[in-house]
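Dock chain B against chain A, hints included.
Quick mapping for you: the protein sequence lines, in order, are chains A and B. 1 is the number of the first residue of the first sequence in the numbering used here; add one for each residue after it. 1 is the number of the first residue of the second sequence in the numbering used here; add one for each residue after it.
Incorrect hints may appear among the rest.
Since the list can't tell identical chains apart, any single copy or any two copies may satisfy a pair.
[What the hints assert, rightly or not] Capping the alpha-carbon separation at 25 Å, the derived lysine-lysine pairs in DSS-like fashion look like this: (1) K15 to K90; (2) K102 to K48; (3) K138 to K159; (4) K164 to K102; (5) K15 to K49; (6) K49 to K191.
By construction, these hints were calculated from the structure, which means they are not laboratory data.
Chain residues, written in single-letter form:
There are 2 protein chains.
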Amino acid sequence: MVYPKDFYDLIENFKLFPGVGDKSAERFVYCVDEMTEDEVKAFAENLKKFKKNIKKCDICGHYTSNNNICSICSDKSRDLTTICVVEDSKSVFKFEMSGTYKGLYHVLGGLISPIDGINPEDINISNLISKRLNENVKEVIIALTPSIEGETTSLYLQKLLENKNVKVSRLSYGLPIGSDIEYLDPITLTKAIDDRKFIS
Amino acid sequence: MVYPKDFYDLIENFKLFPGVGDKSAERFVYCVDEMTEDEVKAFAENLKKFKKNIKKCDICGHYTSNNNICSICSDKSRDLTTICVVEDSKSVFKFEMSGTYKGLYHVLGGLISPIDGINPEDINISNLISKRLNENVKEVIIALTPSIEGETTSLYLQKLLENKNVKVSRLSYGLPIGSDIEYLDPITLTKAIDDRKFIS
Numbered sequence: 001m002v003y004p005k006d007f008y009d010l011i012e013n014f015k016l017f018p019g020v021g022d023k024s025a026e027r028f029v030y031c032v033d034e035m036t037e038d039e040v041k042a043f044a045e046n047l048k049k050f051k052k053n054i055k056k057c058d059i060c061g062h063y064t065s066n067n068n069i070c071s072i073c074s075d076k077s078r079d080l081t082t083i084c085v086v087e088d089s090k091s092v093f094k095f096e097m098s099g100t101y102k103g104l105y106h107v108l109g110g111l112i113s114p115i116d117g118i119n120p121e122d123i124n125i126s127n128l129i130s131k132r133l134n135e136n137v138k139e140v141i142i143a144l145t146p147s148i149e150g151e152t153t154s155l156y157l158q159k160l161l162e163n164k165n166v167k168v169s170r171l172s173y174g175l176p177i178g179s180d181i182e183y184l185d186p187i188t189l190t191k192a193i194d195d196r197k198f199i200s
Numbered sequence: 001m002v003y004p005k006d007f008y009d010l011i012e013n014f015k016l017f018p019g020v021g022d023k024s025a026e027r028f029v030y031c032v033d034e035m036t037e038d039e040v041k042a043f044a045e046n047l048k049k050f051k052k053n054i055k056k057c058d059i060c061g062h063y064t065s066n067n068n069i070c071s072i073c074s075d076k077s078r079d080l081t082t083i084c085v086v087e088d089s090k091s092v093f094k095f096e097m098s099g100t101y102k103g104l105y106h107v108l109g110g111l112i113s114p115i116d117g118i119n120p121e122d123i124n125i126s127n128l129i130s131k132r133l134n135e136n137v138k139e140v141i142i143a144l145t146p147s148i149e150g151e152t153t154s155l156y157l158q159k160l161l162e163n164k165n166v167k168v169s170r171l172s173y174g175l176p177i178g179s180d181i182e183y184l185d186p187i188t189l190t191k192a193i194d195d196r197k198f199i200s
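One chain only, chain A, in its complex shape (with noise of 0.2 Å):
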């Protein structure tokens, strides 16, 4: 072996991240090696820290630091009447960034994919049903990618919720802002049409 062993351990651990190779995963050890040892210990126990401490909120199933509710669920001034479906909560994460939607949510953990074995019972479709569906909540935003695993969740969410007494809303099809219409699918432009927004 030609790196020292701590090296070569080093190595392998940050070659376990997505798009991390033998070249990347060096040049990431070479960093470690000109941190302080303050820097390292930091952040090995942020690490530790991380994987100790944040959970899955009991309540939408987003991740929560410490507590079993999330910082949004247990934010008493955010919009109670609609909650926004989620496939994850990178989705989450985007939507607060956007930073206009002050309504709850619910991370679903996944799409149905019954080609991958993924169905309905697999992912947090039963606590939104039974849980989540009270006198407050007026509207569903279902807020999934338009895939084929996407589209398949929105339609059975929708039968489910078909009968529940709350509004259902999906978001919009169309041009994405920054887009050129020569570059757009066909599929895209189609649905900005049969979506057109009426403006005189």
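Then chain B, alone, in the frame of chain A:
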């Protein structure tokens, strides 16, 4: 803050690594989330162990794990007559991977660069001259990058080694294997002609 604290802390840690921005750091944290607790613990421990155990060899300045003398300097089967002078440990790993060089190394830990305030006394030169040129050593190979700093350091070493009763050589310049003459720079081509080898 959109992210829970432990999540955010870990993103900031990952962003210290070269080429890792917001997006990659976030992806790395999701990857940590998907690792088992044992995997994360092993990673954290390896980080701390690396920082604690990896030192510079007392003789050559190359990385060593746990010992004061690196595995190359303590390997009695190596050719003790030749010392290859390199800029850093990365070069040692590269030569070791190529697998043909069986002599010893001397790691300078940098190159002379007055413009960056790096003078001969700031890199590991004096040890080479005062401690390593014993009666065994017949040849010193200067294996530095052909940059201005590399050339400056080479010239400096050459002067110091002039009267030391050792042969001094440098790596050959020329076409890299697999290259296409069409795309090579004129300086490399000039060197390749200057250093041409007669084959019959």
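Next item on the list: Classify it for me, K138 with K159: is the Cα-Cα distance of at most 25 Å met within a copy, between copies, both or neither?
Entry: For K138 and K159, only the intra-copy Cα distance (17 Å) is at most 25 Å; the inter-copy one is 84 Å.
Next item on the list: Give the relationship of K15 and K90 under a CA distance limit of 25 Å: within one copy only, between copies only, both, or neither.
Entry: both (23 Å within a copy, 18 Å between copies)
Checklist line | Within, between, both or neither: K49, K191 at alpha-carbon 25 Å | finding: neither (45 Å within a copy, 56 Å between copies)
Next item on the list: Up to 25 Å between alpha-carbons, please classify K15 paired with K49: within, between, both or neither.
Entry: The answer is both: 21 Å in one copy and 18 Å across copies each meet 25 Å.
Note to self: Please sort K164 with K102 into within, between, both or neither, judging by C-alpha distance up to 25 Å.
What the structure shows: Cα proximity of K164 and K102: one copy only (22 Å, versus 77 Å across).
Next item on the list: At 25 Å max between alpha carbons, let me know whether K102 reaches K48 within a copy, between copies, both or neither.
Entry: neither (32 Å within a copy, 42 Å between copies)
The structure fails hints 2 and 6 (numbered hints given earlier, in ascending order).
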